[in-house]
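Participant: The lines below spell out each chain.
Number of protein chains: 2
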Amino acid sequence: MRFSVLSIFPDFFDSPLSCGLLSKARDKGLVHFSFINPRDFSTDKHHNVDDRPYGGGPGMVMAVDPLRRALDSLPACARVLMMSPKGRPLTQSLARELAQEEELAIICGRYEGIDARLEQICRIEPVSVGDFVLNGGETGALCLIEAVGRLIPDFMGRDESADEESFSADVLEYPHYTRPEEYEGFKVPEVLASGHHGRIAAWRREQSLETTLSLRPDLLSRAALSDADVHYLKGMDRPRRGRNLFVALVHYPVENKTGQTITTSLTNLDLHDIARVSCTYGLGGYYLCTPVEDQRDLAQTLIEHWRAGHGLRANPDRSEALGRVRVVDLLESAVDDITARIGQRPKVICTSAKAGTLTFPQVADWLRDEPVLLVLGTGHGLHRAVISEADGMLRAIRFMDRYNHLSVRSAASIMVDRLLGDAG
Amino acid sequence: MRFSVLSIFPDFFDSPLSCGLLSKARDKGLVHFSFINPRDFSTDKHHNVDDRPYGGGPGMVMAVDPLRRALDSLPACARVLMMSPKGRPLTQSLARELAQEEELAIICGRYEGIDARLEQICRIEPVSVGDFVLNGGETGALCLIEAVGRLIPDFMGRDESADEESFSADVLEYPHYTRPEEYEGFKVPEVLASGHHGRIAAWRREQSLETTLSLRPDLLSRAALSDADVHYLKGMDRPRRGRNLFVALVHYPVENKTGQTITTSLTNLDLHDIARVSCTYGLGGYYLCTPVEDQRDLAQTLIEHWRAGHGLRANPDRSEALGRVRVVDLLESAVDDITARIGQRPKVICTSAKAGTLTFPQVADWLRDEPVLLVLGTGHGLHRAVISEADGMLRAIRFMDRYNHLSVRSAASIMVDRLLGDAG
Numbered sequence: 259m260r261f262s263v264l265s266i267f268p269d270f271f272d273s274p275l276s277c278g279l280l281s282k283a284r285d286k287g288l289v290h291f292s293f294i295n296p297r298d299f300s301t302d303k304h305h306n307v308d309d310r311p312y313g314g315g316p317g318m319v320m321a322v323d324p325l326r327r328a329l330d331s332l333p334a335c336a337r338v339l340m341m342s343p344k345g346r347p348l349t350q351s352l353a354r355e356l357a358q359e360e361e362l363a364i365i366c367g368r369y370e371g372i373d374a375r376l377e378q379i380c381r382i383e384p385v386s387v388g389d390f391v392l393n394g395g396e397t398g399a400l401c402l403i404e405a406v407g408r409l410i411p412d413f414m415g416r417d418e419s420a421d422e423e424s425f426s427a428d429v430l431e432y433p434h435y436t437r438p439e440e441y442e443g444f445k446v447p448e449v450l451a452s453g454h455h456g457r458i459a460a461w462r463r464e465q466s467l468e469t470t471l472s473l474r475p476d477l478l479s480r481a482a483l484s485d486a487d488v489h490y491l492k493g494m495d496r497p498r499r500g501r502n503l504f505v506a507l508v509h510y511p512v513e514n515k516t517g518q519t520i521t522t523s524l525t526n527l528d529l530h531d532i533a534r535v536s537c538t539y540g541l542g543g544y545y546l547c548t549p550v551e552d553q554r555d556l557a558q559t560l561i562e563h564w565r566a567g568h569g570l571r572a573n574p575d576r577s578e579a580l581g582r583v584r585v586v587d588l589l590e591s592a593v594d595d596i597t598a599r600i601g602q603r604p605k606v607i608c609t610s611a612k613a614g615t616l617t618f619p620q621v622a623d624w625l626r627d628e629p630v631l632l633v634l635g636t637g638h639g640l641h642r643a644v645i646s647e648a649d650g651m652l653r654a655i656r657f658m659d660r661y662n663h664l665s666v667r668s669a670a671s672i673m674v675d676r677l678l679g680d681a682g
Numbered sequence: 259m260r261f262s263v264l265s266i267f268p269d270f271f272d273s274p275l276s277c278g279l280l281s282k283a284r285d286k287g288l289v290h291f292s293f294i295n296p297r298d299f300s301t302d303k304h305h306n307v308d309d310r311p312y313g314g315g316p317g318m319v320m321a322v323d324p325l326r327r328a329l330d331s332l333p334a335c336a337r338v339l340m341m342s343p344k345g346r347p348l349t350q351s352l353a354r355e356l357a358q359e360e361e362l363a364i365i366c367g368r369y370e371g372i373d374a375r376l377e378q379i380c381r382i383e384p385v386s387v388g389d390f391v392l393n394g395g396e397t398g399a400l401c402l403i404e405a406v407g408r409l410i411p412d413f414m415g416r417d418e419s420a421d422e423e424s425f426s427a428d429v430l431e432y433p434h435y436t437r438p439e440e441y442e443g444f445k446v447p448e449v450l451a452s453g454h455h456g457r458i459a460a461w462r463r464e465q466s467l468e469t470t471l472s473l474r475p476d477l478l479s480r481a482a483l484s485d486a487d488v489h490y491l492k493g494m495d496r497p498r499r500g501r502n503l504f505v506a507l508v509h510y511p512v513e514n515k516t517g518q519t520i521t522t523s524l525t526n527l528d529l530h531d532i533a534r535v536s537c538t539y540g541l542g543g544y545y546l547c548t549p550v551e552d553q554r555d556l557a558q559t560l561i562e563h564w565r566a567g568h569g570l571r572a573n574p575d576r577s578e579a580l581g582r583v584r585v586v587d588l589l590e591s592a593v594d595d596i597t598a599r600i601g602q603r604p605k606v607i608c609t610s611a612k613a614g615t616l617t618f619p620q621v622a623d624w625l626r627d628e629p630v631l632l633v634l635g636t637g638h639g640l641h642r643a644v645i646s647e648a649d650g651m652l653r654a655i656r657f658m659d660r661y662n663h664l665s666v667r668s669a670a671s672i673m674v675d676r677l678l679g680d681a682g
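Chains as they are written, first to last, in the working numbering: chain A, 259 to 682; chain B, 259 to 682.
The reader is advised that the hints may include incorrect statements.
The list cannot tell twin chains apart, which means a pair is met if one copy fits it or any two copies do.
Okay, derived cross-link-like pairs now, DSSO-like style, lysine-lysine, Cα gap no bigger than 27 Å in a straight line [what the hints assert, rightly or not]:
#  : residue 1 : residue 2
1  : Lys303    : Lys445
2  : Lys492    : Lys612
3  : Lys515    : Lys612
4  : Lys492    : Lys515
5  : Lys445    : Lys286
6  : Lys282    : Lys515
7  : Lys303    : Lys515
8  : Lys605    : Lys445
9  : Lys605    : Lys492
10 : Lys303    : Lys286
11 : Lys282    : Lys303
12 : Lys303    : Lys612
Calculated from the structure, these hints are not laboratory results.
With the rest of the complex left out, here is chain A (with noise of 0.2 Å):
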């Protein structure tokens, strides 16, 4: 494979690709490289390739003309790739597909970026090498070379060691060890000293699953996982922002479509499935708030007939999830109570179909050290009496629509499994 680095800074690679397998693997002739330096393309006289930026702010643009040129240069059957932050982000599924070509060519921007025509005119693809900022696309070109080229036929030692490893099967490895079998009072465990292939394929699989449940927890969405997989993880230990995310249905003070202050009325099916969702995620607990006394008692015979009546012997599982529902007059009760039974006033965070800024990741952050009480409205939404005492309002689901007019039960199941997901 040949890989063309179009750069100001040829040198750049020199070293890195003088070390190691790559090194290697360039004496064996498995791997060419090209480096073509867009200043032997200008036509200004000092040889420039960047200028000021139209619009004006800070640093310089590279000029479209000599990439242009340089681009020209090269096979035309070269797969024409770009170091951009705004690129599709370098994996190794992505890394699998590259390393089937026979042409590669990188474009290493530098400055603040490269004139956005030459996107235009040339059929070139963005890739990034992570969400963070370089001084250019050198860097992320290496990693780019090392990833693809390691996945060339005969490039390791052995083949299987290059496609073996995390994320080549969407979960993080298990821990290596080798000698000495004791180091400062630490052994390596037994059973990779046992010789039984089975149990040490078993004890490696699930050390793996371990590792990425506490770690990465994320990958597992896209992992495949067999049904011992899943057995496994579900007998595993986690840490459970859950049980810091309490919900609150307000029943009063909510508006009506005109923007008048009412009170709604209890709905059955309300009370059952966020009931079921606050089961189901582990949350720290779901009030139902209502200043009517007939509606609180309505609501606590509806529990009990589930909890303790007719309907624990029809459905346990049921049972389960409403006995968790605690039934108060009004939001402040359901803040006083979590602030008795934990210690720790809870931040309380309304929600809207309308409005809000705060972003699901960033209350998901706050789960792991603090409480949170995520306030539904009934009605047409929560009075702005209560918007304007809380701590913030989480972004609507589906923002960017005009269309947004989900039951309250859609958006808190919604709501919690987007701050909680499978693992949290």
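For this one, chain A is given, so just place chain B on it according to the hints.
Facilitator: Frame of chain A, contents of chain B only:
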């Protein structure tokens, strides 16, 4: 700031650290580099630092002792990082955090990995450059050094250009242009030559939002967005994968809790809630499947009340949602109807609270190119005959937990949200 790099290939870093701004920063004394070769700390006469893995398998493992000794040679105040796929992902926010330190040490592993006991004995923070496999930690360390180094005061010519780029503000950068004003028929956007700073800033922000929505909509979920940003995003066209997603709610054949085949009756709020989800997420359609004619008539009566009767006047939004529901006898009729409408048979994907192997990202990928019908059961779940004829089963929500009893309304809401999110 001092970077101490532990690597058996210290020469790797020679040329990258002698180019561009990093080289200038070294000359100015802003950053210092020390290279520590674990081989120099090996007590083996051949200066070996690796050995075969306990438990077998390909490759070699870096031994704990030389690295442990190398770490002991560092200043006690150093914050010790290790490049590792299992680490905290390198992001701009981590780079900002690390830029506050005076002494950073970076361990670069090679071979299959490092003996796991090193982390048990020493305080080490693993950092990952991305979800791809490299030959060792050196290339990732270079990314980290560059991302962190450029945030040190005075590193950049002007401070403002260090952190005002892509990911600094959680959205992608606007396009850059420099001379000439016209190139191969492509002109610089007029606004940039207007000299009107307010209009230029607004245009650049809009371009940033547009690029992010089109290429990395996932970034918007954590981006800080103003009301004007949200207003602009609402007006943007975007690929709507939701159009390829259909939902069917099946009342027959389903199972009861003893596994017998039954027909369930209609639930009014299933009709409403899932219709509202379908409309809010712009789905291709929502099918209600019951072979009982009376039940279909009842469903139609309910729908007509909201679509054209009193309900329309009371709540036109509800009318829009319920007007989309199609009532059919069996799942096959829903499949036939979709096939007739769009000229392609949908992939039929079952759902369950207990099992399933298809991941959400996998099904979300399909939605780019082909129709998918998500089949939800009532009662105690879909009949095994439905499952065995489907093209697959989606992994259960909260698959790592034993308690999982969401209502079908909640499950439908969460599944659709996981497949489409805010932008899909």
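Participant: Since the copies are identical, ignore which copy is meant and state whether lysine 303 and lysine 612 lie within 27 Å (CA to CA) inside a copy, between copies, both or neither.
Facilitator: neither (58 Å within a copy, 70 Å between copies)
Participant: With identical chains treated as interchangeable, where does the CA-CA distance between lysine 605 and lysine 445 reach 27 Å or less: within a copy, between copies, both, or neither?
Facilitator: Answer is neither; intra-copy 45 Å and inter-copy 51 Å both fail.
Participant: Between the shortest in-copy and the shortest cross-copy C-alpha distance, which are at most 27 Å for lysine 492 and lysine 515: within, between, both, or neither?
Facilitator: Close across copies (23 Å), not inside one copy (45 Å); limit 27 Å.
Participant: Can you give me the call for lysine 282 and lysine 515, within, between, both or neither, at a CA distance of at most 27 Å?
Facilitator: Intra 72 Å, inter 63 Å, cutoff 27 Å: neither.
Participant: Regarding lysine 303 and lysine 515, is the shortest C-alpha distance of 27 Å or less found within a copy, between copies, in both, or in neither?
Facilitator: neither (70 Å within a copy, 83 Å between copies)
Participant: Is it within a copy, between copies, both, or neither that the alpha carbon of lysine 282 lies no farther than 27 Å from that of lysine 303?
Facilitator: So lysine 282 and lysine 303 pass the 27 Å test across copies only (25 Å; inside, 40 Å).
Participant: Given identical chains, is lysine 492 near lysine 612, meaning Cα to Cα at most 27 Å, within a copy, between copies, both, or neither?
Facilitator: between (38 Å within a copy, 12 Å between copies)
Participant: Indicate which option fits the pair lysine 515, lysine 612 if close means a Cα-Cα distance not exceeding 27 Å: within, between, both or neither.
Facilitator: within (13 Å within a copy, 41 Å between copies)
Participant: From the Cα coordinates, with 27 Å as the cut-off, is the pair lysine 303 and lysine 445 best called within, between, both, or neither?
Facilitator: Only across copies: lysine 303 and lysine 445 sit 24 Å apart there, 67 Å inside one copy, limit 27 Å.
Participant: At most 27 Å between C-alpha atoms: does lysine 303 with lysine 286 qualify within a copy, between copies, both, or neither?
Facilitator: Neither: 40 Å inside a chain and 30 Å across chains, both beyond 27 Å.
Participant: Given a CA cutoff of 27 Å, do lysine 605 and lysine 492 count as a within-copy pair, a between-copy pair, both, or neither?
Facilitator: neither (30 Å within a copy, 29 Å between copies)
Participant: Since the copies are identical, ignore which copy is meant and state whether lysine 445 and lysine 286 lie within 27 Å (CA to CA) inside a copy, between copies, both or neither.
Facilitator: neither (40 Å within a copy, 47 Å between copies)
Consistency note: the structure conflicts with the earlier hints numbered 5, 6, 7, 8, 9, 10, 12.
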